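Build the full structure now, drawing on both the sequences and the hints.
If you want the building blocks of each chain, they are given just below.
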Amino acid sequence: MVEDTKIGVFLCDCGEVISRNIDLSGIRSNLEKISDVGHVTLSHYLCSQKEIELMGSEISEKGLNRVVIGGCSPQFCEVIFMEAMEKSGLNPYLLSIANIRDQCGWVHPGKTRATSKAARQIKMAISKARFLEPIKKETVSINRDVLIIGGGISGMEAAIELSELDHKVTLLEREKVLGGRLHQLYSLYPLELTPGALLAEKIEAINKRANIEVLTTAELLKIEGHPGNFVAKIQRDGSPITRNFGAIVVATGCDTQFPTERYGLELSDNIITQLQFERMLKSQEEWDKIPQKIGFMLDISDEYSRISTISALRNGLAAKRRFGGEVYIFCKNLKLDAPGLEGLYREARDEGVIFFKFGDGMPTISPAHGQINIQLEDLYLARELVTLSCDLLVVDEKIIPQRDFEILKSILNIDLDSNGFYQQANVHLYPVSSIRKGIFSAGSCRADLDFSDALADGRAAAQAVHQLSYSGKAWIEVEKLVVDADKCALCLTCIRSCPHHAIEVDHEKQAAKVIDLACQGCGICAAECPAKAIQHKGYTDNEIGAQLEFLEEAI
Amino acid sequence: MPEDKNRFSPKIAAFCCFHSAYLAADSAGAMRKSYSDGVYIIRVPCAGKVEGLHILQAFEKGADGVLILACPQESCHYISGNIRAKKRVDYILRFLEEIGIEPERLKLFNLASNQAPRFVQVVNEMAERIKDLGPSPIKAGVIGR
Ligand code: SF4
Ligand code: SF4
Chain S
10 MVEDTKIGVF
20 LCDCGEVISR
30 NIDLSGIRSN
40 LEKISDVGHV
50 TLSHYLCSQK
60 EIELMGSEIS
70 EKGLNRVVIG
80 GCSPQFCEVI
90 FMEAMEKSGL
100 NPYLLSIANI
110 RDQCGWVHPG
120 KTRATSKAAR
130 QIKMAISKAR
140 FLEPIKKETV
150 SINRDVLIIG
160 GGISGMEAAI
170 ELSELDHKVT
180 LLEREKVLGG
190 RLHQLYSLYP
200 LELTPGALLA
210 EKIEAINKRA
220 NIEVLTTAEL
230 LKIEGHPGNF
240 VAKIQRDGSP
250 ITRNFGAIVV
260 ATGCDTQFPT
270 ERYGLELSDN
280 IITQLQFERM
290 LKSQEEWDKI
300 PQKIGFMLDI
310 SDEYSRISTI
320 SALRNGLAAK
330 RRFGGEVYIF
340 CKNLKLDAPG
350 LEGLYREARD
360 EGVIFFKFGD
370 GMPTISPAHG
380 QINIQLEDLY
390 LARELVTLSC
400 DLLVVDEKII
410 PQRDFEILKS
420 ILNIDLDSNG
430 FYQQANVHLY
440 PVSSIRKGIF
450 SAGSCRADLD
460 FSDALADGRA
470 AAQAVHQLSY
480 SGKAWIEVEK
490 LVVDADKCAL
500 CLTCIRSCPH
510 HAIEVDHEKQ
520 AAKVIDLACQ
530 GCGICAAECP
540 AKAIQHKGYT
550 DNEIGAQLEF
560 LEEAI
Chain F
21 MPEDKNRFSP
31 KIAAFCCFHS
41 AYLAADSAGA
51 MRKSYSDGVY
61 IIRVPCAGKV
71 EGLHILQAFE
81 KGADGVLILA
91 CPQESCHYIS
101 GNIRAKKRVD
111 YILRFLEEIG
121 IEPERLKLFN
131 LASNQAPRFV
141 QVVNEMAERI
151 KDLGPSPIKA
161 GVIGR
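Which chain is which? The protein sequence lines are S and F, in order. The first sequence runs 10 to 564 under the numbering used here. The second sequence runs 21 to 165 under the numbering used here.
These aren't lab readings, by the way, just hints derived from the structure by calculation. Nothing here was measured: the structure is a model prediction, and the numbers come from that model. There may be inaccurate statements among the hints.
Unchecked claim - Residues from chain S shown here face chain F by an in silico Cβ test under 7 Å; the list is partial:
#	residue
1	126
2	530
3	532
4	533
5	557
Unchecked claim - In silico lysine to aspartate or glutamate, EDC-like type, Cα no more than 16 Å apart, as pairs:
#	chain 1	residue 1	chain 2	residue 2
6	S	71	S	87
7	F	159	S	558
8	F	81	S	558
9	S	541	S	495
10	F	81	S	550
11	S	546	F	71
12	S	59	S	22
13	F	107	S	537
14	F	106	S	537
15	F	81	S	45
Where a beta carbon is used, it is the ideal one built from N, C-alpha and C, also for glycine.
Dropping the structure here:
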């Protein structure tokens, strides 16, 4: 407790929803007896405009310096009450909420029991409130310029989108030209557009926009600074360039790898990869090399790959249409988990592509006399042993991040996930955010995405960047996580355990320091610090301990 | 003390991650799914914020059981918070028995914000388990005698 507390308790009835099962007036008279409770009200709808204004005037008139709410869940009302407190001049972090509707009145039948639990919850909130400390909010300026690493389909799309949103963009490409894997693809079926035409369209759009700078044969060497204000050292044709950016989008795409040992297969003239086959389809001179019986082998690497499945369907259909002949697709269990894939599968089947499912039993693949014999237990045919021979077998490859991802990962100080792709902050909630604020990833460097998903991903990343930096300003909560420099032994545990890489060493103070703009407030560092040098305002030891005190009371 | 199993109403401190279990508890409310009123929900930003100290403090103050409720595996709001929480719980479990507290009194579960029924099931099962075990030996004054 820092100073003398004068607590205002605001009970809400939520339109008689709460009082149906909880005796709020009884609770109210009990609370009035607590010495540092300076004010208790009971209102019908605390979140209504009128009541909120009233709350504001009570705070200033009575000089309340803590606010406790007894009502619905903070997930609904916290922001509203924080705003009201701010307006009346009280720091909005001096608020503690007892969720007596969702987590009491609605779940504990019997008015006596529910009332006594609600009273306890409110008292817990009051005890916590006594220890609350103010947190200062500040605006900091952030750079609106964006660096995009990788000029493939997602990178180009992100650049165009961001430029339309009025951000200055630098598009970095390692190769001499933009386009990435678009150069290797034969078709984008079911899209009518050819890869070449799509590429030309995107390049034209990029050239038209004055706020996109394209740097080809360029590489990122180093990143300094913090989210919102990164300094990038770039090398282009051997000469260094320095630029400032607020955010970075990694769109470096993927590579493929043929895992010989895992398959027990060697590539040869008639066992080729999907990409090699795509190349044959692409150049007309090679067409007479394409034989009559072609097999596509999926899933033998044991990992489902969306890119491989789509390529096999697309190329199988193209081969069948253009050259007739027999086309087989062998798969474990065809998974069609992208928009339009089901249609593509049906089309391939209608066109006469034949599918074999081998389930969990692996097929035997044996080259003999210029042909490839494939033997498998067919799931459709009640596990009957089927033997087929093909003139050409196209096998899928492992999709891996592009070759220098390890270097980039350490330059950017971000992590890889268990599949070796760039780690996303949360696969479901924030797919394009990396673990570090201000750094995003898009396209096939973050997941197994085909080109149409990669396009959409580029736009999603652009929107995420825009959301972060559109105004050129950001709010920070100053020292919500604060390191006590005297206690800090610089053991670096916090730096290692922070999932968002938001802690650095303050060399002047010889202590760890939380970067407020990068910190996302999980509190992991505070829990891990062996010296207990870090406190997390809102969840300090005192604040948590004060709530635990109530376990002493009988229920 | 099985004979007064029905009268003993266990106190359970439930540290709930604000991105998963806390929201699941809220929707259990919206669905009017009732659970034991001996559950004390303590909001934390992430299960990884719960320190060993807090767990032991809860027992010391009289909790009959402690629940740490974290985000689902592989989908932690803060990437590794649920893993940190698991490690810490495992660490505490190693010596809980030594200090005379049955390890069943401390449990970690992963659940998503939309899993209200699972929240209710987890807390009710915990309450049942604790009823079978009886009041915490700390509260009963068994330890140290
Ligand atoms: S974990 Fe604690 S003692 Fe170690 S560096 Fe971080 S703040 Fe300092
Ligand atoms: S609370 Fe600590 S661990 Fe969590 S993001 Fe902030 S600095 Fe990192």
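_Given pair status - residue 537/S, residue 107/F, alpha carbons within 16 Å_ = It holds: about 11 Å lies between the C-alpha atoms, which stays within 16 Å.
*Is the interface hint for residue 126/S satisfied, with its Cβ closer than 7 Å to some Cβ of chain F?*
Residue 126/S check passes; min Cβ-Cβ to chain F is 5 Å, inside 7 Å.
*Do the alpha carbons of residue 541/S and residue 495/S lie within 16 Å of each other, as the hint requires?*
This hinted pair holds, its Cα atoms lying about 11 Å apart.
*Closest C-beta approach of residue 557/S to chain F relative to 7 Å, hint status*: holds, 5 Å
*Given residue 532/S as an interface hint, is the shortest Cβ-Cβ distance to chain F below 7 Å?*
holds, 3 Å
*Quick one, is the residue 530/S hint okay against chain F at 7 Å, beta carbons?*
Since chain F brings a Cβ to about 6 Å from residue 530/S, closer than 7 Å, the hint holds.
*Compare the distance between the alpha carbons of residue 71/S and residue 87/S with 16 Å, and conclude whether the hinted pair is satisfied.*
Answer violated: residue 71/S to residue 87/S is near 22 Å, above 16 Å.
*asked:* Check whether the Cα positions of residue 81/F and residue 558/S lie no farther apart than 16 Å.
replied: Holds, at roughly 6 Å.
*Please work out if residue 546/S and residue 71/F have their alpha carbons no farther apart than 16 Å.*
Satisfied, since the Cα-Cα distance of roughly 15 Å is no more than 16 Å.
_Straight-line alpha-carbon gap residue 106/F to residue 537/S, limit 16 Å_ = holds, 13 Å
*asked:* Hint residue 533/S vs chain F: min CB-CB distance below 7 Å?
replied: holds, 4 Å
_Proposed proximity, residue 550/S with residue 81/F (alpha carbon, max 16 Å)_ = holds, 14 Å
The earlier numbered hints that this structure contradicts are 6, 15.
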